[in-house]
Amino acid sequence: MNTDTALRRGHTKIKKSRNSTQIRENIMGYLFILPNLVGFLVFTVFGVVFSLYMSFTDWSLIKKFSNIKFIGFSNFVDLFEDTWFHASVLNNMWFLLVIPVMIFLAMVLAFLVNDKVFFKNGFRTILYLPNITSVVAISVIWFTLFNPRSGPINEFLRTLGISDPPMWLSSTVWAKPTIGLLMIWKTVGYYTILYLAALQGIPKQLYEAATVDGASTRQQFFGITIPLLSPTTFMLTILSVMNIFKDWSLIQIMTEGGPGTSTYTIGYYIYYAAFRKNQMGYAASMAWVLLVIIMVFTVIRFRVEKRRQY
Amino acid sequence: MQITTVGQGRNYQRNRFIKKILLTLLMVLVSFTMLLPFIWMISSSFKDSISMFKFPIEWIPKEFNFSGYRDVWQGDIKFSLFFINSIKITFLAVLGTMVSCTMGGYAYAKIKFAGRDSLFLIKLSTMMIPTQITMLPTFMIFKWLGLINTHAALWLPFFLGQPFGTFLMRQYFLKVPEELLDSAKMDGADHFKIFWSIALPLVRAGLSVLVFLYFVWAWNYYEGPLLYIRSTELYTLPLALKFFSDEFSTNYTAIMAASVSMTVPVLVLFIFLQRFFIEDITSTGLKG
Numbered sequence: 001m002n003t004d005t006a007l008r009r010g011h012t013k014i015k016k017s018r019n020s021t022q023i024r025e026n027i028m029g030y031l032f033i034l035p036n037l038v039g040f041l042v043f044t045v046f047g048v049v050f051s052l053y054m055s056f057t058d059w060s061l062i063k064k065f066s067n068i069k070f071i072g073f074s075n076f077v078d079l080f081e082d083t084w085f086h087a088s089v090l091n092n093m094w095f096l097l098v099i100p101v102m103i104f105l106a107m108v109l110a111f112l113v114n115d116k117v118f119f120k121n122g123f124r125t126i127l128y129l130p131n132i133t134s135v136v137a138i139s140v141i142w143f144t145l146f147n148p149r150s151g152p153i154n155e156f157l158r159t160l161g162i163s164d165p166p167m168w169l170s171s172t173v174w175a176k177p178t179i180g181l182l183m184i185w186k187t188v189g190y191y192t193i194l195y196l197a198a199l200q201g202i203p204k205q206l207y208e209a210a211t212v213d214g215a216s217t218r219q220q221f222f223g224i225t226i227p228l229l230s231p232t233t234f235m236l237t238i239l240s241v242m243n244i245f246k247d248w249s250l251i252q253i254m255t256e257g258g259p260g261t262s263t264y265t266i267g268y269y270i271y272y273a274a275f276r277k278n279q280m281g282y283a284a285s286m287a288w289v290l291l292v293i294i295m296v297f298t299v300i301r302f303r304v305e306k307r308r309q310y
Numbered sequence: 311m312q313i314t315t316v317g318q319g320r321n322y323q324r325n326r327f328i329k330k331i332l333l334t335l336l337m338v339l340v341s342f343t344m345l346l347p348f349i350w351m352i353s354s355s356f357k358d359s360i361s362m363f364k365f366p367i368e369w370i371p372k373e374f375n376f377s378g379y380r381d382v383w384q385g386d387i388k389f390s391l392f393f394i395n396s397i398k399i400t401f402l403a404v405l406g407t408m409v410s411c412t413m414g415g416y417a418y419a420k421i422k423f424a425g426r427d428s429l430f431l432i433k434l435s436t437m438m439i440p441t442q443i444t445m446l447p448t449f450m451i452f453k454w455l456g457l458i459n460t461h462a463a464l465w466l467p468f469f470l471g472q473p474f475g476t477f478l479m480r481q482y483f484l485k486v487p488e489e490l491l492d493s494a495k496m497d498g499a500d501h502f503k504i505f506w507s508i509a510l511p512l513v514r515a516g517l518s519v520l521v522f523l524y525f526v527w528a529w530n531y532y533e534g535p536l537l538y539i540r541s542t543e544l545y546t547l548p549l550a551l552k553f554f555s556d557e558f559s560t561n562y563t564a565i566m567a568a569s570v571s572m573t574v575p576v577l578v579l580f581i582f583l584q585r586f587f588i589e590d591i592t593s594t595g596l597k598g
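Order-wise, the sequence lines are chains S and P.
The working numbering numbers the first residue of the first sequence as 1 and each following residue consecutively.
The working numbering numbers the first residue of the second sequence as 311 and each following residue consecutively.
The following block holds chain P by itself, in its conformation from the complex (with noise of 0.2 Å):
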């Protein structure tokens, strides 16, 4: 009997093993679909036009051909001046963020002011409304503020709360104990103290979450400097490559290249600190 169940037992376990292995390559097949696309861009970029399109693809290519990458950063397209440009961008971007997101977040959870709730309500609902509807307002408005054609069309907006920076750094302000707040007032400290040296380093995690989506959301941020932006020495990478796919068509190696050079920084960024991250992310929700 024991023996029987036993064996049982062990059969079982075989199976389970087995099957986690047979998903296992499942998956693997699947991140192969996902990462396809990335391993073509970066073994293109170290191709000629010719032999990108040789079928069987050569994953690691015969001859290894810098050429797109002397064309993108050495030829007459000015990459690195693109590339300074969307690093302004996302810096400013994302310190005007977290200015701006932090100090709302804050007043919303812990600043008991007239009329907050309804504030917020109001500010939460305008969440569903489409970029379409205020796009050509906005556009109008930086027109006559003579924003047309300069980089602060970009970041201006990330200094003036983002709805949802706001919301999710109120739900990390809210979870800071009100006690700390409280003895803090007693001792005479006001909300600019209390904000500061108090509430901000307990919501270091949320910080961060905020920084990362908003880095990765001002650096691939395409519609706005598809609108405003008209010179091309003021483009940032994503309008950059928009605009050499369109003029350079046949030059496939120097499009690879840049879009490598556009890609890879964020992706190994990402990789290095995605285990700090992806918990976070999937405990706050939502960010399209």
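Chain S extracted, bound-state conformation (with noise of 0.2 Å):
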């Protein structure tokens, strides 16, 4: 008897400090993630929210509050004829064509710098270089580099016989390709780096095995690489993909979307409607068109990388 009340005694005692320590728990976990849970509620649970807001409004830097007013889906069926928004869908298409030559590129170089050559580390932090690297130095370099009248590369152009280069930057048909170039300059190395990471846990045995039955390097790379790669290529396409949607800064240095809309995107344009032409609302309702374009490659992605699981 004595001992049972004594052990039920213990229990509670256990349970009521297991409970203190629950409540201890709860007020030292959110006291840690304050600055977390700030930030989240304010800039982003408040952001979205007022986002969707803005974009059924005419809402204007220059305007005051009590002048704006909810315009319903107004916004969204001017962006159904607005021919610069139709220009930078089609660009933002143009420079999805980028992706697959960045994305190969990656993978040889990485097939390369894994264990085919000498100066492993030193190919590996010269390719990482451009990654770290100030994209408004990047774009300042490229920009006289690509001068069409007295740069480098139209000079060299020139002597190989070319007596009419390019004017790249300045050319409607020629600023896409170049802006496109940068963009794998820029990347190359990072994806580089990225597939190495997924190259070291291919198993060597495989490729011994593989030069043992007299496969040469390009069968290894083609029957072995590429296709132990693909889990990283797919998430690398879909990064790629949602960045060039996503990215305007390099558009707003080099080209600031021209010449004409050229090289408009609409990443770009969202920055452009929204602090250059006092659109704000129009801005916003554009943002939440590259929202649901951007969820629609989420979805793909978490879908494909389910089903690979199983």
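Everything labelled a hint here was simulated from the structure, so no lab data went into it.
Glycine included, every Cβ here is placed at the ideal spot set by N, Cα and C.
Hints may contain errors.
[Stated by the list, open to error] For lysine to aspartate or glutamate, the following EDC-like pairs were computed, each having C-alpha atoms within a straight-line distance of at most 16 Å: (1) P:Lys398 - P:Glu543; (2) P:Lys330 - S:Asp115; (3) P:Lys422 - P:Glu533; (4) P:Lys329 - S:Asp115; (5) S:Lys277 - S:Asp58; (6) S:Lys116 - S:Glu208; (7) S:Lys246 - P:Glu543; (8) S:Lys176 - S:Glu256; (9) P:Lys420 - P:Asp500; (10) P:Lys422 - P:Glu488; (11) S:Lys69 - S:Asp58; (12) P:Lys422 - P:Asp500; (13) P:Lys422 - S:Glu25; (14) P:Lys420 - S:Glu25; (15) P:Lys422 - P:Glu489; (16) P:Lys388 - P:Glu557; (17) P:Lys503 - S:Glu25; (18) S:Lys186 - S:Asp247; (19) P:Lys364 - S:Glu155; (20) P:Lys495 - S:Glu25; (21) S:Lys176 - S:Asp247; (22) P:Lys503 - P:Asp492; (23) P:Lys420 - P:Glu489; (24) P:Lys420 - P:Asp492.
[Unchecked claim] The following residues of chain P were derived to be distant from chain S, with all beta-carbon distances above 10 Å: (25) Leu336; (26) Met362; (27) Tyr379; (28) Leu405; (29) Asn459; (30) Leu490; (31) Leu510; (32) Pro511; (33) Leu512; (34) Leu517; (35) Ser518.
Put the complex together from the two separate chains, hints included.
This is the structure:
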């Protein structure tokens, strides 16, 4: 009897202390994430709701708050008729063509730098340099290199006998490929590093066995490397698609969307509409179209990655 | 029989060696295209605007011309001020990231508070929201708070937890063995003490990756200053460089000297520390 009550007492004590520990854990947990939580609530939660609200108004920086009107879906309707927006979407599609080039190059470079060459570490460092360089500095440098009149690239082309080299960033035809080239130059090293991480996961024995069977380097690359890297390839493809829709600083610095509308992208047009043309509501509606596009790609990504696990 | 196999082996070895040299040469070529713009930048910063566009290119200038650096550092354009501004913003941004991301990462990994996992999942899934969505509301919030045209608009967000950094630090804290924390708890230590004296020293590798990534990020941060900063004396280096290249578009030497002054410190730092970082950056995966 006595021992029984004692036991029971003990149990309640433990339960009580467990409860108080849990409360203490809760307080501690929320204290630790307080800065995160404030940032999340203010900038993300409120931001998302507020930008959705903006997209249904004619919000503008120069208007007084009381003059801002709720205009329903008319921003979205206007988008469908806006030729600049059409051009931006088409240009974004064009820039998607850069992705296969970028990814294939990164794959080949990772394959080489992994163990096919001397000075592996040196090459890795060099490939990574553009990624840690300011996009403004990169733009300034390439801007002079691509200078149509006296830039070294066109001087070089002239010595090759091309008397009429491209006008690069000043030409509606060549501006997009030039920007695309810059995207590749800036990103390929970073993707190479990510591929290298994935290559470390491929067992060496596979390559050794293939070598014994007399497979050439090229056969090994296409037969082993490419198939086994496909999860990374998939992830990088989705990442590139999202970045191409989102990134706008390179274009803002290099061309400001020009010449004409030839390098306008959705990401840049949002900035331009909101801060240059004072059409924040309109820009917000564009941002929501962008979000939908990115959501579609994210859903695809999760679907495929889930299927792969089973 | 034996001799032929040995011979074949030697042949094979030699072929492999030759192939490795050829592939190395190919990589040298690739590296050259990666490095060429940097070499061009450094070499042009020491030339005048005429010899800069001379062709064939004088990679090593015949006459070193320091007028670009003089214009940048001693001219009317207050480059040293932009440098100080950039150092200030970068320092505060990295400090803020260190505080908020390590604390958040620790909480999400090691404190069992109610609602933790769903909160973390929500935070993680918001990483895919494009910045364009929150860019406009953030601008309005800063406007209401009176932060437009102040440096606070640039560093404040870093104190409020960057999702990527928090996620990164959580991964590192997860690897800290639970038993270590439990024995500390037995001794009566609370989470602040455990975090500070046990967990944090164990994730130094993660912390250095965090610091490096956000250092580079904050140093090169361009969109924020472009949106929020109006007065020239508050410019940071990226915005100042953009401003130069628009205003003084003919003084290429000065523009190049400014680019060198801005990028070379980061590049040198990276080259010295890369052995330490590349592995960790590789293993942690993504940062756009």
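Results of checking the hints against the structure:
no.: 1; hint: P:Lys398 - P:Glu543; result: holds (13 Å)
no.: 2; hint: P:Lys330 - S:Asp115; result: holds (9 Å)
no.: 3; hint: P:Lys422 - P:Glu533; result: violated (37 Å)
no.: 4; hint: P:Lys329 - S:Asp115; result: holds (12 Å)
no.: 5; hint: S:Lys277 - S:Asp58; result: holds (12 Å)
no.: 6; hint: S:Lys116 - S:Glu208; result: holds (13 Å)
no.: 7; hint: S:Lys246 - P:Glu543; result: violated (30 Å)
no.: 8; hint: S:Lys176 - S:Glu256; result: holds (12 Å)
no.: 9; hint: P:Lys420 - P:Asp500; result: holds (12 Å)
no.: 10; hint: P:Lys422 - P:Glu488; result: holds (12 Å)
no.: 11; hint: S:Lys69 - S:Asp58; result: holds (6 Å)
no.: 12; hint: P:Lys422 - P:Asp500; result: holds (13 Å)
no.: 13; hint: P:Lys422 - S:Glu25; result: holds (6 Å)
no.: 14; hint: P:Lys420 - S:Glu25; result: holds (10 Å)
no.: 15; hint: P:Lys422 - P:Glu489; result: holds (15 Å)
no.: 16; hint: P:Lys388 - P:Glu557; result: holds (14 Å)
no.: 17; hint: P:Lys503 - S:Glu25; result: holds (14 Å)
no.: 18; hint: S:Lys186 - S:Asp247; result: holds (13 Å)
no.: 19; hint: P:Lys364 - S:Glu155; result: holds (9 Å)
no.: 20; hint: P:Lys495 - S:Glu25; result: holds (12 Å)
no.: 21; hint: S:Lys176 - S:Asp247; result: holds (14 Å)
no.: 22; hint: P:Lys503 - P:Asp492; result: holds (13 Å)
no.: 23; hint: P:Lys420 - P:Glu489; result: holds (11 Å)
no.: 24; hint: P:Lys420 - P:Asp492; result: holds (11 Å)
no.: 25; hint: Leu336; result: violated (7 Å)
no.: 26; hint: Met362; result: violated (8 Å)
no.: 27; hint: Tyr379; result: holds (16 Å)
no.: 28; hint: Leu405; result: holds (12 Å)
no.: 29; hint: Asn459; result: holds (14 Å)
no.: 30; hint: Leu490; result: holds (17 Å)
no.: 31; hint: Leu510; result: holds (12 Å)
no.: 32; hint: Pro511; result: holds (17 Å)
no.: 33; hint: Leu512; result: holds (17 Å)
no.: 34; hint: Leu517; result: holds (16 Å)
no.: 35; hint: Ser518; result: holds (15 Å)
This entry does not satisfy hints 3, 7, 25 and 26, going by the numbered hints stated previously.
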